Amino acid sequence: MFNLNKNKLITLLKVQYSNMLEYRVEIALWAISGIIPFFMLNIWTNNNLNESINLSNVMLSRYFLSAFFVRQFSVVWVVFTFEEDALLGKISPYLIQPLNPFFRYFAQHLAEQITRFPFAIIIALIFFLINPESIWIPNLSLFLLACFSTFFSFLIQFLIQSIIACFCFWTEKASSIERLLFIPTLFLSGLLAPVISFPEYVKSWIYLTPFPYLIDFPANILSGNNTNIISGFFMQIFWISVLFPIFKRTWSLGTKKYTAMGS
Amino acid sequence: MKLKKYIKIYSLFLSTSIASELEYKTNVIIDFITAILSLVGSVFLLTIFFQNTDNIGGWDFEQALIIQGIYTILNGITNTWFNPNLTEIVKHIREGTLDFVLLKPLDSQFFISLNKIAPAGFLEIILGFALLFYCIGINQININFSFLLLCLITLCCSIVILYSLWFLISTTTIWFVKTWNATEVLRSFLYIGRFPLNSFSFSLRIFFSIFVPIAFITTIPSEVFLGIALIWEISLEIIVAIVFFLVSRRFWLFALKYYTSASS
Numbered sequence: 011m012f013n014l015n016k017n018k019l020i021t022l023l024k025v026q027y028s029n030m031l032e033y034r035v036e037i038a039l040w041a042i043s044g045i046i047p048f049f050m051l052n053i054w055t056n057n058n059l060n061e062s063i064n065l066s067n068v069m070l071s072r073y074f075l076s077a078f079f080v081r082q083f084s085v086v087w088v089v090f091t092f093e094e095d096a097l098l099g100k101i102s103p104y105l106i107q108p109l110n111p112f113f114r115y116f117a118q119h120l121a122e123q124i125t126r127f128p129f130a131i132i133i134a135l136i137f138f139l140i141n142p143e144s145i146w147i148p149n150l151s152l153f154l155l156a157c158f159s160t161f162f163s164f165l166i167q168f169l170i171q172s173i174i175a176c177f178c179f180w181t182e183k184a185s186s187i188e189r190l191l192f193i194p195t196l197f198l199s200g201l202l203a204p205v206i207s208f209p210e211y212v213k214s215w216i217y218l219t220p221f222p223y224l225i226d227f228p229a230n231i232l233s234g235n236n237t238n239i240i241s242g243f244f245m246q247i248f249w250i251s252v253l254f255p256i257f258k259r260t261w262s263l264g265t266k267k268y269t270a271m272g273s
Numbered sequence: 038m039k040l041k042k043y044i045k046i047y048s049l050f051l052s053t054s055i056a057s058e059l060e061y062k063t064n065v066i067i068d069f070i071t072a073i074l075s076l077v078g079s080v081f082l083l084t085i086f087f088q089n090t091d092n093i094g095g096w097d098f099e100q101a102l103i104i105q106g107i108y109t110i111l112n113g114i115t116n117t118w119f120n121p122n123l124t125e126i127v128k129h130i131r132e133g134t135l136d137f138v139l140l141k142p143l144d145s146q147f148f149i150s151l152n153k154i155a156p157a158g159f160l161e162i163i164l165g166f167a168l169l170f171y172c173i174g175i176n177q178i179n180i181n182f183s184f185l186l187l188c189l190i191t192l193c194c195s196i197v198i199l200y201s202l203w204f205l206i207s208t209t210t211i212w213f214v215k216t217w218n219a220t221e222v223l224r225s226f227l228y229i230g231r232f233p234l235n236s237f238s239f240s241l242r243i244f245f246s247i248f249v250p251i252a253f254i255t256t257i258p259s260e261v262f263l264g265i266a267l268i269w270e271i272s273l274e275i276i277v278a279i280v281f282f283l284v285s286r287r288f289w290l291f292a293l294k295y296y297t298s299a300s301s
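Chains as they are written, first to last, in our numbering: chain A, 11 to 273; chain B, 38 to 301.
No wet-lab data here; the hints were simulated from the structure.
Values in this document were obtained by computation on a predicted structure and should not be read as measured data.
Virtual Cβ for every residue (Gly too), placed ideally from N, Cα, C.
Any given hint might turn out to be false.
Listed below are several chain A residues computed to face chain B (Cβ distance under 7 Å; list not exhaustive) [said to hold, decoys possible]: (1) L39; (2) I46; (3) F49; (4) N52; (5) I53; (6) N56; (7) N57; (8) S62; (9) K183; (10) L190; (11) I193.
Put together the whole structure using the sequences plus the hints.
Here it is as structure tokens:
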């Protein structure tokens, strides 16, 4: 099922990267559409809402910039591509190939992130021009940890969406489930407000769900805010190891269920 | 006579697209749940903002709820009409099927803007109105005829502005072919419509009232609702709505001159 070697991976990445470069403008627009954290930052600091959570303006702006970055490199859209491919019957030729089609999507996402990178940097530079006091250079070990946790966050979301995508084998249209799941992701992941600002009745259970580890945890590491690094990584790995077998199971059940288009 | 024809055609659009949407019944139900959750989510976010302060940008919690209500109604309208239709323009242009639209003895903008409908947005509209009614209660607003009339006018203007923004951006597809993410950019900008304009810094306020008039869309109707809107604000909104609508119409006709169909 998962026979992948280095050559295949590199070829896949190369193909998808040149594919993505074709649509640079499109990806630049995607990058711009991720600027919601900056609007939120504006509300927070303009109304001094951060005083109550003991975060200075500078730390909060670093947090939201990091949240922007983490979001840029953990955006997942596999369910939408998969749904289209499944509806149009494009999955059939992929299934014949001795390679799980999800590797193709995975490479697409990685290639898109590489294409996104310069645009994200430009947006960050503009941000620093407007807020020069928030410039910081994270130390190398924290930076690496932040990269890892962002990648894990990407993996968690990729697995969740792949499981949802497999539902296409049964319902044909699975993206509505993704839109449903996006709502808690949006409000609970820390994209709009850092998780420490949440009321107690939410904080008591939220750290058991995958949501705070999608944006809040990596963004806290990157911005140098306080966070429990060990338990964060533990929970990320825990969720990955829970989701992966579920994905494998739904995939194998789904492909048995699959009837190519027109049959 | 012409109007009659268009009304008849629109009712046909309605019945066919609702029938095709109801093919996916579970989808509609899931979309309903999504609508409810997203309202719950935004109210949750508001409660976080109001945890330790009693006003943002001069609006207290009960008043900010009105903005949420208006936003929810407008978002419902976007999801019911604008989103399913205007993202379709991209497809029409990429696959060259815009030819068939243009050949029809119908106004092309009418066809493109109203052909489809997504019933899932209805619930959002209902939820928005329910929230507004609740706000009438908690803000002790007394209703009279002129109040209702002004609310209706400003709300309609907001819908027109919103439509024009969507339509303007979708029209650029004729040159750029793949711009459905441009509508995503608009979507993320629209997000700030959930909050009172005064809660943003001065520069953002200017940006969102002059370049992208999102400020007008939710804040002014909410002020009308509270009875604190100034007369010049209302007239300005009406003017902006008319201008935007005319510009979007002209822009569409202008863009059509550059449409070259697929593979030509």
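Do the hints match the structure? See the list:
1. At a threshold of 7 Å, the smallest CB-CB gap from L39/A to chain B is about 4 Å, leaving the interface hint in force.
2. Checking I46/A against chain B by beta carbon gives a least distance of about 5 Å; that is within 7 Å, so the hint holds.
3. For F49/A, the shortest C-beta to C-beta distance to chain B is roughly 5 Å, which falls under 7 Å, so the interface hint holds.
4. Checking N52/A against chain B by beta carbon gives a least distance of about 5 Å; that is within 7 Å, so the hint holds.
5. Because the smallest distance between the Cβ of I53/A and any Cβ of chain B comes to about 5 Å, under 7 Å, the interface hint for this residue holds.
6. Restraint check, N56/A versus chain B: the minimum CB separation of about 5 Å is within 7 Å; hint holds.
7. A least Cβ separation of about 5 Å between N57/A and chain B falls short of the 7 Å threshold, and the interface hint therefore holds.
8. Taken as an interface hint, S62/A checks out: its beta carbon lies about 4 Å from the nearest beta carbon of chain B, inside 7 Å.
9. Using the Cβ-Cβ criterion of 7 Å, the hint placing K183/A at the interface with chain B is satisfied: the shortest such distance is roughly 5 Å.
10. This hint holds: L190/A has a C-beta 5 Å from the nearest C-beta of chain B, less than the 7 Å allowed.
11. For I193/A, the shortest C-beta to C-beta distance to chain B is roughly 4 Å, which falls under 7 Å, so the interface hint holds.
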